[in-house]
Amino acid sequence: MKKIPTGIKSFRKLRDENYYFVDKTRMIKDFLERGSEVTLVTRPSQKK
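The sequence shown begins at 42 in the numbering used here and counts up one residue at a time.
If a hint is listed, it holds; no wrong ones were tucked in.
Simulated restraints, written as ranges between beta carbons of each label pair:
1. Leu73 <-> Lys44: 28 to 36 Å
2. Gly76 <-> Lys44: 34 to 42 Å
3. Phe52 <-> Arg75: 21 to 29 Å
4. Met68 <-> Thr47: 18 to 26 Å
5. Thr83 <-> Tyr61: 15 to 23 Å
6. Arg53 <-> Glu78: 30 to 38 Å
Dumping the calculated DSSO-like pairs for lysine-lysine here, alpha-carbon to alpha-carbon at most 30 Å:
7. Lys54 <-> Lys43
8. Lys65 <-> Lys44
9. Lys43 <-> Lys65
10. Lys50 <-> Lys70
11. Lys70 <-> Lys43
12. Lys54 <-> Lys70
13. Lys65 <-> Lys54
14. Lys44 <-> Lys54
15. Lys65 <-> Lys50
Note that these hints are calculated values from the structure, not bench results.
Just so it is clear, CB atoms sit at the ideal spot from N, CA and C, and this is done for glycine as well.
Can you build the whole structure from these sequences, using the hints too?
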């Protein structure tokens, strides 16, 4: 069963240890085609 990657920063670890990963690369095309003046892309804050 795949695990949910909480706090994992290494792509290699995601891949090698069978974590879920969602590739959103195709979204870049949508952002570019919209022609918006501003696009806000958020991400979770990094815990130290």
